[in-house]
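Protein chains: 6
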Amino acid sequence: MFELSNMTWPEAEERFGKTNLAIVPIGATEQHGLHLGVGADWIQAWNIARMVGERTGALVLPVMPYGVSGHHKEFPGTITLTPETLQEVVYEIIESLDRYGIDRVVFMNGHGGNLGAITGAIKEARENMGTLCAVVQWWDILSSRSIYGHPAEEHAGYAETALTLASRPEAVRMDRAVLTPTRQVDDEIQLVRSGLGRFKDGLVRIPLSTVDVSETGSMTEAHPEDVPGTSDYSKITPEFAETLLEDVVAWMSDFVKGFESLSVPLNKPRGE
Amino acid sequence: MFELSNMTWPEAEERFGKTNLAIVPIGATEQHGLHLGVGADWIQAWNIARMVGERTGALVLPVMPYGVSGHHKEFPGTITLTPETLQEVVYEIIESLDRYGIDRVVFMNGHGGNLGAITGAIKEARENMGTLCAVVQWWDILSSRSIYGHPAEEHAGYAETALTLASRPEAVRMDRAVLTPTRQVDDEIQLVRSGLGRFKDGLVRIPLSTVDVSETGSMTEAHPEDVPGTSDYSKITPEFAETLLEDVVAWMSDFVKGFESLSVPLNKPRGE
Amino acid sequence: MFELSNMTWPEAEERFGKTNLAIVPIGATEQHGLHLGVGADWIQAWNIARMVGERTGALVLPVMPYGVSGHHKEFPGTITLTPETLQEVVYEIIESLDRYGIDRVVFMNGHGGNLGAITGAIKEARENMGTLCAVVQWWDILSSRSIYGHPAEEHAGYAETALTLASRPEAVRMDRAVLTPTRQVDDEIQLVRSGLGRFKDGLVRIPLSTVDVSETGSMTEAHPEDVPGTSDYSKITPEFAETLLEDVVAWMSDFVKGFESLSVPLNKPRGE
Amino acid sequence: MFELSNMTWPEAEERFGKTNLAIVPIGATEQHGLHLGVGADWIQAWNIARMVGERTGALVLPVMPYGVSGHHKEFPGTITLTPETLQEVVYEIIESLDRYGIDRVVFMNGHGGNLGAITGAIKEARENMGTLCAVVQWWDILSSRSIYGHPAEEHAGYAETALTLASRPEAVRMDRAVLTPTRQVDDEIQLVRSGLGRFKDGLVRIPLSTVDVSETGSMTEAHPEDVPGTSDYSKITPEFAETLLEDVVAWMSDFVKGFESLSVPLNKPRGE
Amino acid sequence: MFELSNMTWPEAEERFGKTNLAIVPIGATEQHGLHLGVGADWIQAWNIARMVGERTGALVLPVMPYGVSGHHKEFPGTITLTPETLQEVVYEIIESLDRYGIDRVVFMNGHGGNLGAITGAIKEARENMGTLCAVVQWWDILSSRSIYGHPAEEHAGYAETALTLASRPEAVRMDRAVLTPTRQVDDEIQLVRSGLGRFKDGLVRIPLSTVDVSETGSMTEAHPEDVPGTSDYSKITPEFAETLLEDVVAWMSDFVKGFESLSVPLNKPRGE
Amino acid sequence: MFELSNMTWPEAEERFGKTNLAIVPIGATEQHGLHLGVGADWIQAWNIARMVGERTGALVLPVMPYGVSGHHKEFPGTITLTPETLQEVVYEIIESLDRYGIDRVVFMNGHGGNLGAITGAIKEARENMGTLCAVVQWWDILSSRSIYGHPAEEHAGYAETALTLASRPEAVRMDRAVLTPTRQVDDEIQLVRSGLGRFKDGLVRIPLSTVDVSETGSMTEAHPEDVPGTSDYSKITPEFAETLLEDVVAWMSDFVKGFESLSVPLNKPRGE
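Residue numbers (the working numbering), protein chains in the order written: chain A, 9 to 280; chain B, 9 to 280; chain C, 9 to 280; chain D, 9 to 280; chain E, 9 to 280; chain F, 9 to 280.
Possibly wrong hints are sitting among the right ones.
For identical chains, the list gives no copy identity; a pair is met inside one copy or between any two copies.
[As the list claims (entries may be wrong)] Straight-line distance between alpha carbons at most 30 Å, and here's what the computed DSS-like set of lysine-lysine pairs gives: (1) Lys-243 / Lys-26; (2) Lys-265 / Lys-243; (3) Lys-265 / Lys-26; (4) Lys-243 / Lys-208; (5) Lys-265 / Lys-208; (6) Lys-26 / Lys-208.
Simulated from the structure, these hints should not be mistaken for lab results.
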């Protein structure tokens, strides 16, 4: 039994006596192009978290299915919280866990737009309660890999499509999947993605909305690297999807075990 | 297809063209006595909402699994938000839906402690956006019935046990279920439940914590009405559970259809 | 001497040495139909509190005359605070009293719309300061009675008219008093009052504005029970008014004495 | 009829058709030395406002009896709001009045500590709603006078004692009144009052608490000007009190009439 | 070395071991009539603070160049913070200093509109951290003087022009300087400045915008006192400017030394 | 003339008629190792912004010298704002500029810790006012380069030392500069910097404080790439510093010109 929701309070109490770590999956409900359901982010996060829980026995809290998705709101079906509100939710979850002795929390974050809010909350939590948190994101785990020539982090790209497919096939329409390169609006300032541009050899941060740079809502590169046979999503088969998911779950399972025993020397203020 | 999470944004867009109503299930993660999992409230709410969605075709959003549970926090496993934070979450969900033309929202609330926050948000939403919301709660639906001598609203009582059992049996330990009458602390001021007392023939509101009035976390009356054979939870069989759940789902399905077409004359300010 | 406002600080200091209880009356400034002054709620609360103070010697703070009345704002003369603001006011009053050793506070609330804000504040106060508060409302005290066939809680109904009449006759126009049944807007969803509806045998919460369901601002039932001779307010005589006020004051005086000595076992967190 | 509280909403509606001005009295509940009741500030403000209402027919709202009194909180019986909370209360009152066409509001402020919060609110109100507000304070009105050698603004000094005496004698203990010069704590920085110091020929603002500079809670100068026979409060007779109150009420009555017709050219942004 | 910004942290650490006082200059970026740069307030404050630092060795923090200037916003180039935001900035600066043992902070405030926010923050700081702060303003220092017949506090008047001229000549256009008396809008209520009026022999506070009462943005009196030869700014020579600045710096230098050793008895709550 | 602070409001008004772009430099006051002054971040930002202003004629606002530096607070001399407060400051600056027609704002950010707050504010500004903002950071500009084997972004590393040296030599102690590799606390989770770790071939975000991973406060790699002769800071000569600063200023000058004319198609909501 790893899911907190299924435990009675005496069972939870017993569990808190044996572990100091909990997993909190967080996702979003937002547009994911023409071919993924708007629940893609929370569906993946929830599935990954439960698989990790099953494998490691780590305590898994229910998924928070709403996140910070304001930049997608022009696309129907996007439900968005303000960063302030999500930050509060995250902080209060940590605060609740702290009451029962949990001082290591792993956030399995399925949506990049949540990162600022989660980071804000966990810094505050470390300061006020001493809790040490980590944020793991499947695209960070896959960041050193090329997925058939594409970077893992693409919105509704190859990797994300695979993970959703492996988690809940009924939220995927493979027949409508199309590669959608970021639309350019200027000769000199090249948009890399909705929040980042390149000017000459440097980077610049420009917060655009998805609708400014993509018509389908997906944000991929057509051929970021020249890999033969990837002009569409046909390489993203159920088998590939399973394997990718397994890689993510394996990494996370190992990390969770390592993080539980990570001991950071309590920082001591100088000058006091 | 009724679950928003499974729809792509063009599918969601099409749906918003045909309906102005959405269902938002909200629960909590909090202690439910010795025999129910701490996820009982969101598990029921999510299950009921999906059954209603399936039956009526109404659009169902993902469940919000965290609620306002501060009064239970002395019992391990309770994760609580402040009322302010839940109110923000609810408000921002309505605001997001409003962008796509949804102006009727039914909140299926699985936890009484959330009511203040939800009500606060929906009043503000009506004022600012004109959206008309309704809150339905299974104990309100069952309020005119006696459940083997017990009122439906009891925390971890007969009705709640039945609904959790019918929704997710692995979150129920029937062998540990015990009736726990509210503990009395005064001769004259009789505590009815954690927030309500009776003094002479009048009522008084006194906010206590659950731990003040119950050792198990359940709050039931031993024999509120004299019904033979109900000194324990043995009457709450899987069959009974199914029937009760069906009654709730049937009522809600009918209500959702009625509410979609409820037309309230827009209030006009006097004196302007 | 029972009114805090009349005491010098050394007199207040002496009093705080002898008692741990204070009474805080709270009302509202909002429309009360065609026949009651908009100050009805605070006028009653202030009058009742002073009568209880006189009778029991309990310390009485000045009345807070503004409350949460947004649902009445279409009717001229309604002054409304947001729930957040009233909650802050209440919390800070308790915090101030806590400095001088007061840990039992009785809120005499004259307006139902304030209940959420007061409850929010007193829960927080109990958590943070240990103060135990109670909210008493005259319609809760009279809830087991029928007032010539009408429930006590009706807005600008029989009971409220009587209490205002007994407190300040110049705020009452008996010649304009009319019974105003809640206006129905749907065949199936019957509105009970502005925030509550009945559908089949269950209840549903729908926050409407008063103006949606009443033209006069009063919300009464024409003949909720068949009591001969109550098609108008003629039964609400000054004598009846005095008697009803006396009943309320007597109950509250007894309660205040009982509450002062109520001892709740300090809740102890489990799992710590 | 001038008191809003006594009017029904149709009467209020009629009144709003004839005037665009309302009076809001605000006070405090805070220590006032050994001889004045802690309600002195709201008692005076309420009394003055009603007298002005009676004389001019101007609409008078109920008194807000709680204010910003944190600097007095070491003296028992002081009930204090934060400046943020009072500012909200004031803003929301103006907002409510704005709904019915009131765009001139006169705040009769009985406590200097409230000024920052009131000013904050009325600036915001002017910006957002166009309402023009004025704050009148009896010590500002009397600022050009010497009260038996004392400035009018002294806390619990001659003028304040007189106004309380004329408003509610039962809140005054003349036999305990003593002059209390501000206690000095430094040779060079002379404290003028709790928030202001003098250094050489310049002024400096240092926020101290009353308890830092006064033992009785009063803050007066022993002999700020040499007026024979004023070593105590014996000159503050009921007759003197009546006369002083009359002067204040007369000034305010005239001001209210003048302010109702004050027309300020709507400021027009430059550069647009 | 007096400027904190130039110190490494070990140098700062050493300094905190020797002093408990720091200086924080605060200004504004807002219109200053036809002849002064919009940075006038922060330029003066920064210059004065550095001169005081140089002379006394006191630690000087970087200048906060943005302040509360909403009442000037109709004039282009005015950058304004809300009072709430500036108050937070000030509070968090004090909080940061408190970590390193600084419990005396002198705010050199160059803009009167900031006073409410600074005062709010330093009261809260005193309460929560025990830090004792002072606010010094050059016009308070010069308040007992007449500057060629004008009061020092005039916005963009003689004194302010002189201090800007002495601090940064390139921010001054002496050839465009004109005296601009406050515009009157009523026969009876005489406006003294944008927030203050005179009615008969009393004062009244009316928050107007600068644009309501001045066309140039300056607010001076034509001939507040009859001093020959001051119909324009010709008396404000560079030499006069230097002398005035020197007077201010000398006063502040002496004050800083005095304030460092000011010992206030810790206020003790009564009644506890 | 490019500095807003030196312009009178009519000069500012004229300028706003010719440009729609402004530059806002933002820094921090925080520890920068053993050899840089705590003002390093704002000093660089301010210097760069003024050089860009001089070269391009773009309007430059005063530098905001305080930022989000909580993770450095154990090192004396660090003054930190909360992210919420800095976000408010930034938002209100944009709001002020919007009044005068500025709808392109370039934030020259000298401190990475500010990025979340600035990004939060500019997203909100784009949403509410349509203003398009960009954030440029010197380490983003230099991100494709190796600085004698080191990445540009190191805290108090080669690049930052050079820029501070070129901006204000008196804030640099070259004789105390030491390379300080990030301290490791775990065998498997390798800390890359205070907020980022590497586990196997993936990344994980763990918010630590600087003091957890560095004793000097600097965070550099000893030899991230093997470049001969860089075991200390001796390569960072004044000449190198000038050249690096020049590169940054040249890039920013070009970018500012390009950004002024960047036209983004106004995003249009779908489904409306």
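The hints, checked one at a time:
1. Taking CA atoms no more than 30 Å apart as the test, Lys-243 paired with Lys-26 passes in neither setting, with 44 Å inside one copy and 36 Å between copies.
2. Within a single copy, Lys-265 and Lys-243 get their C-alpha atoms no closer than 33 Å, and across copies no closer than 43 Å, so neither meets the 30 Å cut-off.
3. In this assembly of identical chains, Lys-265 and Lys-26 lie within 30 Å of each other by CA distance solely inside one copy; the values are 14 Å within and 48 Å between copies.
4. Taking identical chains as interchangeable, the C-alpha atoms of Lys-243 and Lys-208 lie at most 30 Å apart only when they sit on different chains, with a minimum of 26 Å there against 34 Å within one chain.
5. Only between protomers do Lys-265 and Lys-208 lie at most 30 Å apart by alpha-carbon distance; the minimum there is 13 Å, versus 43 Å within a single protomer.
6. Taking the shortest Cα distances, Lys-26 and Lys-208 sit within 30 Å of each other only across copies (27 Å), while inside one copy they are farther apart (54 Å).
In the structure shown, a violation is registered for the earlier hints numbered 1 and 2, in ascending order.
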